[in-house]
Amino acid sequence: MTAFTSKRFLVPGLVSLILLILLATSPLYISSYNVILLAAILMYIVLTVSWAFFSGPTGYISLATAAFFGVGLYTTAVLGKALPLLAVVAAGGLVSFVLALLVGAITLRLRGIYFAIFTFGLVELIKHILLFWEITVTGTRGRFVVLVGNTTIYYVVFGILVLLMLTVYFVRRSKFGLAMQSIGDNEDAAAHMGVNVTLVKVITFAVSAFFIGAVGAIMATRWTYIDPYVAFNPLFSFLPVLMAIFGGMGQLYGPVIGAAIFAYLEELLLTKFPYYYMLIFGIILVVVILYLPDGLIGLIQRLRQRWQKGGLTGKHANT
Amino acid sequence: MRILEGEKVTKYFGGLAALSDVNFHIDEGEIVGLIGPNGAGKTTLFNLISGALVTKSGTIKFKDEKITGLKPYQICRLGVARTFQSVKIFANMPALDNALVGSFFGTPTSMSSADAAREAIESLELVGLSAARAIPARDLTLANQKRLEVARALATKPELLLLDELMAGLNHTEMAEAMELVTELRDKGITIFMIEHVMKAIMGICDRIMVLHHGENIAEGTPREIAANKTVIEVYLGA
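Listed in order, the protein sequences are those of chains A and B. The C-terminal residue of the first sequence carries number 319 in the numbering used here, and the numbering is unbroken. The C-terminal residue of the second sequence carries number 239 in the numbering used here, and the numbering is unbroken.
Hint data in this document are derived by calculation from the structure and do not stem from the laboratory. Some clues are possibly wrong.
So the derived list for chain A, only partly shown, Cβ under 7 Å to chain B, looks like this [claimed, not checked]:
#1 Ser174
#2 Lys175
#3 Gly177
#4 Asp188
#5 Ala189
#6 His192
#7 Val195
#8 Val207
Ideal Cβ placement from N, Cα and C applies to all residues, glycine included.
Let the hints inform the model, and build the full structure from the sequences given.
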C-alpha cells in the first residue's frame, strides 16, 4: 500500500515541487526578456487550465475566455490608478466571476453548439457595448494602463497560477468534481440522481472566469494602452481550446503541458520565422489534431504502454 | 397508504395529447406494472413523475406532497428514483462512481464521504455488481449496465423506484434474475412502479397492473383481471 501510494504521488509531487521552486526563483537569474516571456507562458497556462476546468469535465465548449480576459484588462484600465495592484487583480477576477454567474444562469441551459456560439457572441457583444460607450458617452478611444515592473507582473501571474492549480486539484477530487464529470457523461441522468446541474455548471463557469479575469487584470499592465479591439481579441477564446487539445484533456497536467509548449513555440516561431510563423504553426496544429487525438499526453501514454509491453515480450521471446 | 397519486395528469406534445386526464395511484409496498402499446404515454408519465417533463395540467403527489413543478434533482432527493428505457449511465466513470453520484447527491439528507461510499458499495452488492466496481461503465454488458442503473438509483435511498423497461433486451436467465431483484427490492420496503413489455415478467411479479392506451388509463386491476379484460385484449390483439 505504501509502495503504491508513494509511487503514485511521490513522482508527480516531486516534479511539481521542483518546478515550483524553479519558477519562483527564476527572475533572480534569468534575463528580463525571459521573465516576460515566462510570464506570457504562465498566462496561457492560466487561460488554458481555467478553460479546461469548466469545459473538460462538463463537455460544454466555452468560447467566452476572451470576454472574461477582456473584462479583466478593462478593470485594470479603469481602476488601475485608484486601487493597489493586488486589489485591482482581485477586482478583475470578481467582475468576471459576476459576469459569468449572470451569463451562466441565462445560457447554461443551452446545449452543445448553441452554448459555444452564444459564448462567442458574448465576446463581440461586450466589445461593441464598450465601443458604443466610448464613442457616445466618454468620447474617447481606448485607455492607458498603469505600468508595473516585469518581475511584479511575473510574480502575480505565478501566484494566480498556483492558486488555480490548487483549486483545480482539490475540486477534481471532491464531490463537486464528481458532479461535474457526471454532467459531462450524461446530464439528464445526473439531474435525476440528485445533482443540481444548473448550480454546478454556473459555479464552475464562474470560478473559471474568476481566474481568467484576474490574469487579464495583471496582464493589462504590460500592454500600456488598450481599446476594445485589443482587449476583446477572439484569439484569446480559441487559443486556450487549441492548447488544451494540443496537450490532451484527460489529465490535469495535459492542458498545462499543451499551453506551455504551444506558447513557447509561438514565441520561438514568431522571433525566428516572422514571415512563416503562422504557416508553420498551422501545419503543426493540423498534424496534432489528425494524428494525436488525445494530445501530447495521449502520445506519452501510448509510448509508455508500448515500452512496457516491449520490455515484457523482450524478456520472454525473441520475436 | 398512498405513496404516489396522480390527478387528471395531462401532457401535450404540440397538438397531440400524450396523456389526457390520467388518474392513478400507487400504494406503499406495491409492485405496479404499467403496460400499453408503443406511444401510449408510459414513458411520458414516468418523465412527468420524475420531473424531466412538466405537466400541462393536473397534479402529482408523492406522500401527499405536490411534486409537479419540482426539478428532477429535488424529486430524487424526496425519494423517487428511476432508471431509463435506453440506458443513461455515466459511461466514462467506473461503476462505483456511478453509484457514488447517487449516494452523494440523491439521498434525502446529505452524507459524509465514508457513508456515501458505503451506501454505493452496498447498492452495487445488492444488484450483484460488486466485483465490477472498478470497471468503466461503458465496458459493462447491457444487462450489467441496466443493473448499474438500478444500483445507482438505489444509492439515492428511494422509497419509490420507477423502472422503465428493465427487462428489454435481456435473455431468459438475465430476466429471471431481474425479476428476482425486483421482488427482493420490494421486500426491502421499496415501492416499485415498472413499465414493461415482457408479459411473463409483468404477470409474474406485479400486484396490480395499469394499462395506458392513447394517453388514457383504460384498465386497472390484478394481473388475472387484466389478462381477462376485453378492452385490453382488443388493444393488444387488435381484435
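- What hints, given by number in increasing order, does this structure fail? As far as the earlier hints go, 1, 3, 8 are violated by this structure, in ascending order.
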